[in-house]
Amino acid sequence: MPKQIAIYGKGGIGKSSTASNVAAACADEGYRVTIIGCDPKSDSSITLLRGRRIPTIMDLMRQGMDIREEDIIFSGYKGVKCVEIGGPEPGIGCAGRGIIVAISLLKKISKAIEDTDLVIYDVPGDIVCGGFVAPVKKGLVNEAYVLTSGEYMPLYAANNICKGLSRLEMTLNGVICNSRGAPNEEVIVGEFAKEIGSRLLAFIPKDVLVQTCEREGLSVIEKAPDSAIAGVYRKLAQAIMAEKEAQIPKPLDDKRLRELTRI
Amino acid sequence: MPVKEKEPLIMHPRPSSIVAALYTLRDLDTDVVILHGPPGCSFKHARLLEEDGMRVVTTSLDESGFVFGGHDSLVEVLEKVIKRFNPKRIGIVGTCASMIIGEELHEAVTEVQPDVPVIEVEVHAGYRDNTKGVIIALESALAAGIISEAEFERQKSLLKEATMVEKRHGAASKEYLEPNRGDLKFRVAERLLELMKQGKKGLNILNAKKETAFMFADINLAVTQTAEKLGVSSNIVNMVNLDVNVGLPKNRRNAREVRDELTQKGMEIHHIIGGLDEYPIAGNNASQIIGEKYSDFDFAVITGVPHALPMDNIKHMELFSITNGPRQVVPLKEMGHKHVVVEIDLHPKTLGVNHIVESEFGATLRELAKDA
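As given, the protein sequences belong to chains A and B, one line each in that order. For any residue, its number in this note's numbering is found by taking its place in the first sequence, counting from 1, and adding 1. For any residue, its number in this note's numbering is found by taking its place in the second sequence, counting from 1, and adding 9.
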């Protein structure tokens, strides 16, 4: 069974950037990787496809296509298989239902999920309804990661995600710190990880190179493979692929969370 | 990329996939079904199904359930059902509301851990063909080890045929179908009697869907009895879809009950054209037999699902069709059925029974035959 992971975290914290760079780094290592974008914005895989937008599952369903695997799976950087679920414009319809429907379809028609070493589900930042946890509930995710900075609000979101995971009796395989340049971030996130019963897997420093590459529709791994930040993503990719202990996270109370960010 | 032919919009309300799943669970001898959704969902059929001995309860999701999820309600109802009814087999059926908000029926089952099999049916009413509800229910029954792979495949191909029958000449054949009460029973019975008196040769065909046979068979019986009274029994050939060796347990039982009662009341069954769940294909069998042996017959009485009978070998006959669908009248007329009679509210009267129930058309024919 492949490693099937989901990276959770507050919206805008850098989940898609992290997911696509980890995907690219793993592909460099020779792993077969699939990335499944679950955000209605459908831009999870864009930097693996040189900026190209691919048709989403929901788009095709809406047009009444008889969907086959090859219609929705696109080969990106070094053969990374890219899938975008898609969904309605903000404020219309029900994006959550879209994810449920697309996940059931994927389960039915796709061998990509089985024929890979790593499947990354890039889930939206805010789990606003039942549909957004469909990949976990339908048993498609076996490892969960939380991405956060050391600021209060992203940590608050990370802590809430841990509440959700513990309710689903889902283990947490690690915390990743995506730095926003706040003081003392690595220590804060490291302590947070320890207190919820997990560990800090990587500290990704703030680097403008990530933005520069994304603007060109590329991952750091592809555009600047020898950069320091590419090295960080490679190390994170190795940590993700390595076997490690995982526990159901114990969320903190809000008082402790505030204290923690005051360090 | 193959684009599916865009299916035309159909505006008239049609049978629900949720209800189809409920009826399927009944055929699988499920004791209690929990509808996970709002209290009024599928009310009418939930009530009727109790006549057949299957209990239907609801988790009664309300606004707060839609917003906060209904897991706790489902767990509570499942526990109560086990305690109160001591069921041997439980079904849990989804609804539009619970499926849209992403309820996982299985989570409640995992939490409660019942000792008896639970068939979890993740279904809503948003499918174009209600047969989808049957297929989903059967898939779950297969997963729960309640039916065999072979039976599942058999059912699936029958349902595909059933869907095609409805698309060709049934409820899914037009953008809008006007409901219609059909022809006056009295006039139609009069004409039928006249033909029989003239010594015309006629086919008397029962092609009923499942338990509806309990009432449709009464019409075929009335035709037999009238022919006997007129001394023209030899002019009538009887064909029925009452094979007792195929289908889910309830359908086999019902086929035997109807067949035995017909035989006991003096109706000779000349041809068995299929089982009670084979109404979509039994018409083809009938058509073949007609082509081989009875192509010179003058009239045909067809009860149940008359539109499943191909027209090729009967188009020159005077056709008397009895349906229970007011929206079936127009398509049947267009096919060339001269007389179309509707037995209104037939289905509810065939639930919870194990004997033939009197039909209005059967009663009319018998009454007219008295003076003949």
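Among the hints, erroneous ones may be present.
[To be verified] If you anchor each label on the Cβ, the simulated ranges turn out as follows: (1) 126(B) x 109(A): 58 to 66 angstroms; (2) 170(A) x 335(B): 36 to 44 angstroms; (3) 161(A) x 124(B): 44 to 52 angstroms; (4) 118(A) x 335(B): 56 to 64 angstroms.
[Claimed, not checked] Taking lysine-lysine pairs in the DSS-like style, the calculated list, with each CA pair at most 27 angstroms apart, reads: (5) 42(A) x 195(A); (6) 4(A) x 108(A); (7) 108(A) x 139(A); (8) 109(A) x 169(B); (9) 206(B) x 53(B); (10) 210(B) x 89(B); (11) 112(A) x 141(B); (12) 251(A) x 224(A); (13) 141(B) x 138(A); (14) 238(B) x 274(B); (15) 274(B) x 169(B); (16) 139(A) x 165(B); (17) 342(B) x 209(B); (18) 259(B) x 109(A); (19) 108(A) x 195(A); (20) 97(B) x 169(B); (21) 347(B) x 210(B); (22) 138(A) x 342(B); (23) 79(A) x 138(A); (24) 53(B) x 302(B); (25) 176(B) x 53(B); (26) 176(B) x 206(B); (27) 274(B) x 109(A); (28) 112(A) x 165(B); (29) 138(A) x 108(A); (30) 108(A) x 358(B); (31) 169(B) x 108(A); (32) 112(A) x 138(A); (33) 141(B) x 139(A); (34) 256(A) x 4(A); (35) 302(B) x 347(B); (36) 97(B) x 210(B); (37) 108(A) x 218(B); (38) 342(B) x 206(B).
By construction, these hints were calculated from the structure, which means they are not laboratory data. C-beta: ideal position from N, C-alpha, C; glycine also.
We went through each hint and held it up to the structure:
1. A hinted range of 58 to 66 angstroms for the beta carbons of residue 126(B) and residue 109(A) is inconsistent with their spacing of about 24 angstroms.
2. At about 52 angstroms, the CB distance of residue 170(A) to residue 335(B) disagrees with the hint of 36 to 44 angstroms.
3. Taken as a hint, the range 44 to 52 angstroms is violated for the pair residue 161(A) and residue 124(B), whose Cβ atoms sit roughly 37 angstroms apart.
4. Between residue 118(A) and residue 335(B) the beta carbon distance is about 59 angstroms. The supplied range of 56 to 64 angstroms therefore holds.
5. The suggested pairing of residue 42(A) with residue 195(A) is violated, with an alpha-carbon distance near 33 angstroms, which exceeds 27 angstroms.
6. With a CA separation close to 16 angstroms, the supplied pair residue 4(A) and residue 108(A) stays within the 27 angstroms bound.
7. Between the alpha carbons of residue 108(A) and residue 139(A) the distance comes to roughly 9 angstroms, so the proposed pair stays at or under 27 angstroms and holds.
8. A hinted pair counts as satisfied when its Cα atoms are at most 27 angstroms apart, and residue 109(A) with residue 169(B) qualifies at roughly 19 angstroms.
9. Taken as a hint, the residue 206(B) and residue 53(B) pair is broken in the structure, with Cα atoms around 43 angstroms apart against an allowance of 27 angstroms.
10. For the proposed pair residue 210(B) and residue 89(B), the alpha carbon gap of about 59 angstroms is over 27 angstroms, so the pair is violated.
11. For the hint linking residue 112(A) to residue 141(B), the alpha-carbon distance of about 24 angstroms falls within 27 angstroms, and the restraint holds.
12. This hinted pair does not check out: residue 251(A) and residue 224(A) have alpha carbons roughly 39 angstroms apart, beyond 27 angstroms.
13. Restraint check: the Cα-Cα separation between residue 141(B) and residue 138(A) comes to about 23 angstroms, which is no more than 27 angstroms; the hinted pair holds.
14. Only pairs whose Cα atoms come within 27 angstroms are accepted, and residue 238(B) paired with residue 274(B) is accepted, the gap being roughly 14 angstroms.
15. With a CA separation close to 35 angstroms, the supplied pair residue 274(B) and residue 169(B) exceeds the 27 angstroms bound.
16. As the CA atoms of residue 139(A) and residue 165(B) are separated by approximately 25 angstroms, the hinted pair is consistent with the 27 angstroms bound.
17. As the CA atoms of residue 342(B) and residue 209(B) are separated by approximately 22 angstroms, the hinted pair is consistent with the 27 angstroms bound.
18. Proximity of residue 259(B) to residue 109(A) is assessed by CA-CA distance (about 31 angstroms); at most 27 angstroms being required, the pair is judged violated.
19. A hinted pair counts as satisfied when its Cα atoms are at most 27 angstroms apart, and residue 108(A) with residue 195(A) does not qualify at roughly 35 angstroms.
20. A hinted pair counts as satisfied when its Cα atoms are at most 27 angstroms apart, and residue 97(B) with residue 169(B) does not qualify at roughly 31 angstroms.
21. Using a Cα cut-off of 27 angstroms, the hinted pair residue 347(B) and residue 210(B) holds, with the two alpha carbons roughly 17 angstroms apart.
22. For a cut-off of 27 angstroms, the pair hint linking residue 138(A) to residue 342(B) is broken: about 50 angstroms separates their Cα positions.
23. Between residue 79(A) and residue 138(A), the direct Cα distance comes to roughly 30 angstroms. Violation of the 27 angstroms bound is thereby established for this hinted pair.
24. With a C-alpha separation of about 44 angstroms, the suggested pairing of residue 53(B) with residue 302(B) is violated against the 27 angstroms cut-off.
25. Between residue 176(B) and residue 53(B) the CA atoms are separated by roughly 26 angstroms; this keeps the pair inside 27 angstroms, and the hint holds.
26. Simply put, residue 176(B) and residue 206(B) have alpha-carbon atoms about 37 angstroms apart, too far for the 27 angstroms limit, and the pair is violated.
27. Proposed proximity of residue 274(B) and residue 109(A) is contradicted: the alpha carbons are some 52 angstroms apart, above 27 angstroms.
28. A C-alpha spacing of about 24 angstroms is found between residue 112(A) and residue 165(B), which places the hinted pair at or below 27 angstroms, so the restraint holds.
29. The hinted pair formed by residue 138(A) and residue 108(A) meets the criterion: a straight-line CA distance of about 13 angstroms does not exceed 27 angstroms.
30. Among the hinted pairs, residue 108(A) with residue 358(B) is inconsistent with the structure: their alpha-carbon atoms are about 42 angstroms apart, more than 27 angstroms.
31. Restraint check for residue 169(B) and residue 108(A): the C-alpha separation of about 23 angstroms stays at or below 27 angstroms, so the hint holds.
32. Between residue 112(A) and residue 138(A), the direct Cα distance comes to roughly 19 angstroms. Compliance with the 27 angstroms bound is thereby established for this hinted pair.
33. This hinted pair checks out: residue 141(B) and residue 139(A) have alpha carbons roughly 21 angstroms apart, not beyond 27 angstroms.
34. At roughly 35 angstroms between alpha-carbon atoms, residue 256(A) and residue 4(A) are farther apart than 27 angstroms, so this suggested pair is violated.
35. Pair hint residue 302(B) plus residue 347(B) holds up; C-alpha atoms about 23 angstroms apart against a cutoff of 27 angstroms.
36. Under the criterion of a C-alpha separation no larger than 27 angstroms, the hint pairing residue 97(B) with residue 210(B) is inconsistent with the structure, at around 51 angstroms.
37. Distance restraint check for residue 108(A) and residue 218(B): the Cα-Cα separation of roughly 34 angstroms exceeds the 27 angstroms cut-off, and the hinted pair is therefore not satisfied.
38. The suggested pairing of residue 342(B) with residue 206(B) holds, with an alpha-carbon distance near 25 angstroms, which does not exceed 27 angstroms.
In this structure, the hints that do not hold are numbers 1, 2, 3, 5, 9, 10, 12, 15, 18, 19, 20, 22, 23, 24, 26, 27, 30, 34, 36, 37, in rising order.
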